[in-house]
Amino acid sequence: MTELNVGILGCGPIAQFAHFESCVKARNARLHAICDAAPDLLERMRATYEPGDAYAEYDEMLADPALDAVIIATSDAFHVPAALRALEAGKHVLCEKPIGVTVEEGEALAAAVRASGKVLQVGHMKRFDPALEAARDFVRDEMGEIIALKAWYCDSTHRYTNTDAIQPKPILSARARKPAGDPKADKRQYYMLAHGSHLVDTARFLCGEITAVTARLLERAGMWCWFVETEFANGALGHLDLTVAVRMDWHEGFQMYGENGSILAKTFNPWYFRSSEVQIFHEKDATARVPLAADGHFFRRQLEGFADTILEGAPMRGAGVADGIASIRAMTAIASSVRQGGARVALADVTGAV
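In our numbering, the protein residues as written are 1 to 354.
Source of the hints: derived by calculation from the structure; they are not laboratory data. Idealized CB from N, CA, C, for every residue including glycine. Heads up, none of these hints are tricks.
Mimicking DSSO-like on lysine-lysine, the simulated pairs with C-alpha atoms at most 27 Å apart in a straight line are:
| no. | residue 1 | residue 2 |
| --- | --- | --- |
| 1 | Lys-150 | Lys-187 |
| 2 | Lys-25 | Lys-118 |
| 3 | Lys-184 | Lys-169 |
| 4 | Lys-284 | Lys-266 |
| 5 | Lys-284 | Lys-150 |
| 6 | Lys-169 | Lys-25 |
| 7 | Lys-187 | Lys-266 |
| 8 | Lys-266 | Lys-150 |
| 9 | Lys-187 | Lys-169 |
Pairwise CB distance ranges (calculated):
| no. | residue 1 | residue 2 | range |
| --- | --- | --- | --- |
| 10 | Arg-339 | Ala-221 | 20 to 26 Å |
| 11 | Arg-339 | His-158 | 27 to 33 Å |
| 12 | Ala-180 | Ala-221 | 30 to 36 Å |
| 13 | Ala-286 | Ala-47 | 54 to 60 Å |
| 14 | Thr-351 | Ser-75 | 22 to 28 Å |
| 15 | Asp-164 | Thr-2 | 35 to 41 Å |
| 16 | Arg-140 | Tyr-272 | 24 to 30 Å |
Kindly generate the complete structure, drawing on both the sequences and the hints.
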């Protein structure tokens, strides 16, 4: 096989903005099929992206013997059930983040992945930002002992003004299948799942396992601000700032200090498809290096990495199911610490939902 035959479950905005184009542009994957319960949306996307087949029923798509893998581009509540059905059908899975909303469903999914022998990758596409990859490589190969990581992810009140100017208008359907209730009603949970999952995974990608957190949350003036002190397994100090929404432009990045150098990074709104600006300081020769990182299509690069793992047996460059569970545990621990007035919470001890 030289190309991975991919089916996309869900034809909503995230598929339209990220995954359809990724399949069309990928060097080693093709858009084999799409699936959505809304017939009008399904037909519009079929006419636009010309997949091999279009299905109204997920099980019918999974029954296609030529289908190799599924991208799950649905609401969070559907992630784990859809992934389980794909694994049972013998398909590989690339699932949008977060992988789930409870520790228990994450663990159940991990067991299913092990039993299936299939690849499951979580859609933490920031791991495929080439500038962040360069930073990670420096941390792994040259930084020496890590002293501290400060990372922030601050959504902006102006984010939709920015993105509406550059994105095509999404095609929606009144017949789209939606989860019970309003997943955005609980702002604490919604913002943590939508934004905190990125912040936590970036911290783990750069600095390794988080073992415990101490978190505070301030809700004021229509803003939610989490400050999280993190304990890393390697002994480094950590501070995470998740704020929604700051009265300024999108504000995301990190500072990292180590034995043999430091890193400063600014990350942009992901829909700009622009790699982070990263300065890597090398103490040995007192120089700062800035990788160009010209290819900022993180979603296409994510799919290509996923396909390389399946087609060539390459090591997984993205987030695996264990990383997905670790994110759920970290977010659940943060929520638990906030409820306890800033108590220290070990990730190994948490259960339940974010």
